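Asks: Here is how the chains run, residue by residue.
Number of protein chains: 2
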Amino acid sequence: MKITIIGCYSAMPKIGNNLSSQVIEIQNEIFLIDCGEGTQVGLRKNKVKFSRIKHIFISHLHGDHYFGLIGLICTFSLLNRSADLNIYGPTGIKDLIINQIKASSSWTKYRLIFHELCSEKSESIFISDYIQVFTIPLSHRIYTNGFLFKEINLPRKINIDAVHDSNVSIAYSNKLKQGFDVVNENGILINNHLLTFEGFSPKSYAYCSDTEYHESIVKVISNCDALYHESTFLEKHKVLSKTTKHSTAKQAGKIARLANVNLLILGHYSSRYDNINDFKTEAETEFNNVLLSEDNKIIEI
Amino acid sequence: MKITIIGCYSAMPKIGNNLSSQVIEIQNEIFLIDCGEGTQVGLRKNKVKFSRIKHIFISHLHGDHYFGLIGLICTFSLLNRSADLNIYGPTGIKDLIINQIKASSSWTKYRLIFHELCSEKSESIFISDYIQVFTIPLSHRIYTNGFLFKEINLPRKINIDAVHDSNVSIAYSNKLKQGFDVVNENGILINNHLLTFEGFSPKSYAYCSDTEYHESIVKVISNCDALYHESTFLEKHKVLSKTTKHSTAKQAGKIARLANVNLLILGHYSSRYDNINDFKTEAETEFNNVLLSEDNKIIEI
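Protein sequences, first through last, are from chains B and H.
The first sequence begins at 371 in this note's numbering and counts up by one.
The second sequence begins at 371 in this note's numbering and counts up by one.
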């Protein structure tokens with residue numbers, strides 16, 4: 371599982387401060403989370419192939435999380451995309467996008483499929499052979515979801531020697547990875563577990579932005595391998611974090627501790643702070659494995 | 371009159387290729403024309419003070435000319451702007467912007483004043499003491515206007531020696547610049563022309579993007595000091611320019627010649643071309659004073 375931070379700053383784009391956007395690569399699929407203004411240039415800087423983006427998840431309809439989406443959709447059109455594009459976001463996102471397309475008379479030649487979200491409870495919104503995505507209901511000034519990416523049914527690893535010794539054709543490798551028993555070249559059914567090892571242990575990643583301190587997310591994200599939790603403010607601006615419904619770095623650390631995650635990644639920094647290391651120091655008073663997100667940083671989980 | 375090219379490329383933002391946007395400074399007022407994605411970062415790079423922007427002109431509702439507007443409006447809010455902001459653009463622009471503000475529940479504390487345009491004829495849309503702005507109806511795939519900025523009633527220059535010799539108080543300097551006769555300290559009315567010189571000759575600047583070759587603009591822009599005319603394509607892609615209703619560099623040159631302007635500025639280049647000098651060479655077959663716009667270039671007229 372690989373996370374590319376396209377942008378990790380809040381509010382407004384500045385020279386050298388990209389807005390919220392991340393690319394998650396899992397099992398050869400890539401997912402885009404949030405899409406602030408400037409995201410498409412950020413994707414190019416990080417050499418993300420546009421054609422590989424098939425699912426975009428938008429946490430909420432504050433501009434720093436989605437104003438880059440309409441431009442990206444139009445760019446896909448200009449690049450003659452034909453593959454479907456799935457967009458998951460709050461109810462209302464479809465009208466906002468479609469009305470802008472309508473005004474420009476530039477309909478996409480590919481299919482735009484909107485999955486509008488309104489539930490206040492965590493729900494499964496995407497599932498494929500190896501990946502499932504759930505919403506994480508957050509508490510912000512407007513309706514907001516985080517997203518939990520979980521590997522599921524990971525492929526088993528083939529025991530090449532056993533496959534050879536058992537006279538099984540390598541053409542069955544996909545079946546074997548999926549856990550099926552197969553028939554060998556002598557017509558005998560061979561138990562999958564004799565031909566494969568356990569796969570990698572499934573990983574999970576939770577993206578939580580934007581939100582005030584909200585303990586009820588703990589049960590949804592508990593034990594996940596990595597948690598990105600917003601830390602717009604430091605404790606010295608706790609009053610501001612309350613009125614704007616954002617979190618402090620210390621609060622992010624507390625959520626990470628309560629949820630017993632392995633790694634906490636901080637981000638969505640207010641640009642009022644000169645030194646983002648202060649966020650790490652503050653979160654470490656609550657939790658001891660903290661990483662700072664930075665624009666264009668790659669994090670392997 | 372000073373033009374700052376924030377961006378001059380067409381279609382989609384790329385690393386090092388900014389989308390359409392220009393800042394026009396006239397008589398200490400600044401005007402923003404078009405606002406593609408990334409414009410606000412471009413404005414910062416060019417050290418344009420956000421608080422000085424009071425009038426934004428949007429040529430048409432293709433994304434490369436206005437997708438950066440909603441973000442700029444929100445940034446103004448975050449910076450606690452209180453001054454009115456006037457937006458001039460095609461009918462429909464108000465709903466597109468307001469619906470995005472509504473979805474984010476982030477109303478601006480300053481007044482947003484929309485001037486929606488629908489006329490097919492050139493009309494005056496802004497006038498102040500020294501500046502008047504007219505639309506230039508263009509011919510593109512959707513309703514599009516260029517904008518003609520004209521200096522008017524330029525202040526007269528004060529003849530300091532004459533003012534002193536005539537015993538006139540310097541407190542009258544504004545009245546004098548505006549052409550009024552004034553009373554001196556002995557109670558005698560002095561003719562303005564004895565105390566002032568002619569002001570600078572008024573300049574004019576026409577912005578024409580996007581448009582196919584459209585001779586009927588010539589009468590609107592004739593004799594202007596500088597003409598920015600889009601040149602998305604070179605003649606070798608003339609077929610493409612026709613189907614997309616854009617112009618070639620040669621056609622831009624021809625319009626400049628027919629309109630008898632002083633300077634032609636090219637821009638809105640398709641990023642398919644490696645060398646923008648080819649646009650200049652081609653336009654020069656029709657007109658001999660051609661300048662290439664480039665991102666972050668300043669042009670004094």
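By construction, these hints were calculated from the structure, which means they are not laboratory data.
Since we're looking at a predicted model, the values are computed, not measured.
Hints should not be assumed to be uniformly reliable.
Which copy is meant is left open, because identical chains are indistinguishable; a pair holds if it fits in one copy or across any two.
[To be verified] Here are the computed lysine-lysine pairs in the BS3-like style, where the Cα-Cα straight-line distance is at most 27 Å: (1) Lys479 / Lys545; (2) Lys384 / Lys624; (3) Lys384 / Lys415; (4) Lys424 / Lys615; (5) Lys419 / Lys384; (6) Lys608 / Lys417; (7) Lys372 / Lys608; (8) Lys479 / Lys612; (9) Lys479 / Lys615; (10) Lys424 / Lys608; (11) Lys372 / Lys479; (12) Lys547 / Lys479; (13) Lys415 / Lys667; (14) Lys573 / Lys527; (15) Lys608 / Lys479; (16) Lys667 / Lys384; (17) Lys624 / Lys520; (18) Lys589 / Lys520; (19) Lys527 / Lys415; (20) Lys384 / Lys472; (21) Lys464 / Lys624; (22) Lys384 / Lys417; (23) Lys415 / Lys372; (24) Lys372 / Lys384; (25) Lys624 / Lys573; (26) Lys667 / Lys424.
Asks: Of the numbered hints stated previously, which ones are contradicted by the structure, given in increasing order?
Replies: Those not satisfied are hints 1, 2, 4, 6, 7, 10, 11, 12, 19 and 21.
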